[in-house]
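Novice: Chain by chain, the residues:
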Amino acid sequence: KQEVTQIPAALSVPEGENLVLNCSFTDSAIYNLQWFRQDPGKGLTSLLLIQSSQREQTSGRLNASLDKSSGRSTLYIAASQPGDSATYLCAVIKSGYSTLTFGKGTMLLVSP
Amino acid sequence: KAGVTQTPRYLIKTRGQQVTLSCSPISGHRSVSWYQQTPGQGLQFLFEYFSETQRNKGNFPGRFSGRQFSNSRSEMNVSTLELGDSALYLCASSPQGLAGETQYFGPGTRLLVL
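Those protein sequences? They're chains A and B, same order as listed. When you read off a place in the first sequence, starting at 1, and then add 539, the result is the number in our numbering. When you read off a place in the second sequence, starting at 1, and then add 126, the result is the number in our numbering.
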């Protein structure tokens, strides 16, 4: 059974810092990995999707990497801003259809 | 293009009652998936519908059921509510429900069971 772990569970940083969020998964036979953002009481917003054949994806200040062989992904946020405060979730898809297996998330607080 | 919409946004029920939640996917999307989010268990997959057929199912009891209509709108039903069913229920849509597609989530329905 696929298990997804996110470390740390919570992170507090001052504005302007670069930071790394970690995601690990037990079964390396994944099809792709997706990072999401969730604001309190809200739904999920897709940030980046990395196909299993890719090593990384970038969108603005966000960069996500994927190492299938070691079962790890990282989300790098450059020059953090208070508006980045949210819970960040990673999810993996094993194959075929689109069922997502989620980690429990990292709650990020960026203080001004 | 309008996003995924879910109704109602908030719901309060008592134990033993049943509830129906609705999800309208992005126009053109034929796959709808449902997830339950609780503080203890995180996000867990309930089921996925494509072209009015349940294509995949998570590990939830039979009290949880769903359906999809010809316009791709989906409903999920929970019968005989228990306190532990209190959660945020999220639906997601994608064009074909294939692994390479981005999932787009709605704002969720927050259910409180008293």
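Think of the hints as simulated: they come from the structure by calculation, not from any bench. One or more hints might be untrue.
To be verified - Okay, derived cross-link-like pairs now, DSBU-like style, lysine-lysine, Cα gap no bigger than 30 angstroms in a straight line:
id	chain 1	residue 1	chain 2	residue 2
1	B	183	A	643
2	A	633	B	183
3	B	139	A	643
4	A	581	B	139
Novice: So, for every hint listed, does it hold in this structure?
Specialist: Verification of the hints:
no.: 1; hint: B:183 x A:643; verdict: holds, 20 angstroms
no.: 2; hint: A:633 x B:183; verdict: holds, 15 angstroms
no.: 3; hint: B:139 x A:643; verdict: holds, 27 angstroms
no.: 4; hint: A:581 x B:139; verdict: holds, 21 angstroms
The earlier numbered hints are all upheld by this structure, with none contradicted.
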